[in-house]
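Q: Mapped onto this note's numbering, the consecutive letters of the sequence shown carry residue numbers 627 to 1033.
Worth flagging that the hints you see were computed from the coordinates, not collected in a lab. Just so you know, even glycine gets a beta-carbon here, dropped at the ideal spot from N, CA and C. Among the hints, a few may not be true.
In silico BS3-like links for lysine-lysine, alpha-carbon gap of 27 Å or less [what the hints assert, rightly or not]:
id, residue 1, residue 2
1, Lys934, Lys1016
2, Lys820, Lys923
3, Lys861, Lys893
4, Lys845, Lys828
Each pair of labels, with its calculated beta carbon distance range [said to hold, decoys possible]:
id, residue 1, residue 2, range
5, Pro673, Ser794, 17 to 27 Å
6, Gly931, His977, 20 to 30 Å
7, Asp811, Thr838, 20 to 30 Å
8, Asn672, Asn898, 35 to 45 Å
9, Asn672, Lys846, 39 to 49 Å
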Amino acid sequence: MKKIHFSLLSFLILTGCGENNQNIVPNKDNTLFIQGVSVNEKVELNPAITNYDLIAYGNEPTETVLINLTGQEKKLLGSISLKPYSNIASLDYLVWKDTLNKALTCLPILTCSDGTTYKIENLGDKFKLSFDLNQGKSEFLLPLINGEEVENRVPVVVSGNINFMVPSNWPLFQKDRFSVIKVNDIAIDGSIFKIIDFEESKQYYNNELIYTTKKFTLKKNEDISYLSIIFYENKVKSNALINLVYKGGDFTNLEKLSDQFWKEDQKNIEFNLENIELIDHTNNRKLNVSVNVNMPKTYSDLQFGDQKIIMLPIHNRYIATVKNDQKIYNLGFENSNELIDISIIQELAGHLSVKTIVGEQEFMCGNREIPCSGITSDSDRQTFYFHNVKAGANTLNGMTHITGVFE
627 MKKIHFSLLS
637 FLILTGCGEN
647 NQNIVPNKDN
657 TLFIQGVSVN
667 EKVELNPAIT
677 NYDLIAYGNE
687 PTETVLINLT
697 GQEKKLLGSI
707 SLKPYSNIAS
717 LDYLVWKDTL
727 NKALTCLPIL
737 TCSDGTTYKI
747 ENLGDKFKLS
757 FDLNQGKSEF
767 LLPLINGEEV
777 ENRVPVVVSG
787 NINFMVPSNW
797 PLFQKDRFSV
807 IKVNDIAIDG
817 SIFKIIDFEE
827 SKQYYNNELI
837 YTTKKFTLKK
847 NEDISYLSII
857 FYENKVKSNA
867 LINLVYKGGD
877 FTNLEKLSDQ
887 FWKEDQKNIE
897 FNLENIELID
907 HTNNRKLNVS
917 VNVNMPKTYS
927 DLQFGDQKII
937 MLPIHNRYIA
947 TVKNDQKIYN
957 LGFENSNELI
967 DISIIQELAG
977 HLSVKTIVGE
987 QEFMCGNREI
997 PCSGITSDSD
1007 RQTFYFHNVK
1017 AGANTLNGMT
1027 HITGVFE
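Let the sequences and hints guide you as you build the complete structure.
A: See below:
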């Protein structure tokens, strides 16, 4: 699947903690102050030229705000992470100046949340988003200071605030944006866990497939566990490896499994384990797992030009996304020689548009105002039909069915 990636490889990473520099008093809205040894930066987010993209996955709350500032003399790009069901946020990175030669980073995400909070207020026809920053663990990335290359770490403190408003009718603020996949729970050592995510991946060596992993993310209250089934290529299903990451332990099966424990076709997965014993050899612990899952799959039968394209292994969480006023299904495909990303977009006006990315080329069919000619759907917007949908010199034909999201 195509995910959001931010490349910081061109910058020298500098880490550490810093002391607040009092040369600048942070008292202005939409202004950030980045201060430390040899660093005293003031970054203004002019509301007239600042764009904010709010991102959410599935039916979850907003969890990312992307910042994009463009003008004749300035460029800025940034990202803020929001911790769902709390008021905690973190400015994960910020890049600014004409040449993009100065940057602030705090990765992995949400690791600089101490002192930074956010608030979303319902004002009727609009929502107001407010961020109050006082981050003392950020990292300052700066290739040059006073014309000289930096070798030492530059600790900084980030302070200031960001405020902006967005329309309240965006699907971003709706709770049930996408259809929900109904599946049974999984029992681990007598405790019941819900499936909240499913991911499939393939491991290759010298261009040969070695094994395929089917990974379930499980949740009980605040406890997260991961149950993986690893199928080795050219071996029978009974030789599959069951791996469970649970309460600090890494559990695996010793005995062979029934060949019937996993049944899968284009549209469905049946997964059954009855009281299978798993062992954590490191900590000498044992537990039992029971599974009785019948799970529908997302599937496609599509042609790009005169070639059939094959859907890539999926990460369920990133299939259904909301960006501001758009509900988006993201799917990845390949043919004999290239990768193809297809996004099916439900616009706020109710019609559909399609974005197709082939290599470095991007093609749009339709937009926020104009429907894409050639794409239709069933009433619940889960099965989509392509009839000569234009993508540059090629067309898309066929169908795709998207099962929905986990609760």
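Q: Against this structure, judge whether each hint is valid.
A: Hints and how they fare:
1. Lys934 with Lys1016: Given that 27 Å is the threshold and the Cα spacing comes to 16 Å, the pair holds.
2. Lys820 with Lys923: Satisfied, since the Cα-Cα distance of roughly 17 Å is no more than 27 Å.
3. Lys861 with Lys893: Since the Cα atoms of Lys861 and Lys893 sit roughly 23 Å apart, the hinted pair holds (cutoff 27 Å).
4. Lys845 with Lys828: holds, 24 Å
5. Pro673 with Ser794: 17 to 27 Å: holds, 18 Å
6. Gly931 with His977: 20 to 30 Å: Once the Cβ atoms are compared, 25 Å apart, the range 20 to 30 Å for His977 and Gly931 holds.
7. Asp811 with Thr838: 20 to 30 Å: The hint (20 to 30 Å, Cβ to Cβ) holds, given that Asp811 and Thr838 are roughly 24 Å apart.
8. Asn672 with Asn898: 35 to 45 Å: With Cβ atoms ~58 Å apart, the hint is violated.
9. Asn672 with Lys846: 39 to 49 Å: Holds: the Cβ-Cβ distance is about 46 Å, inside 39 to 49 Å.
The structure is inconsistent with hint 8 alone, although it conforms to all the rest.
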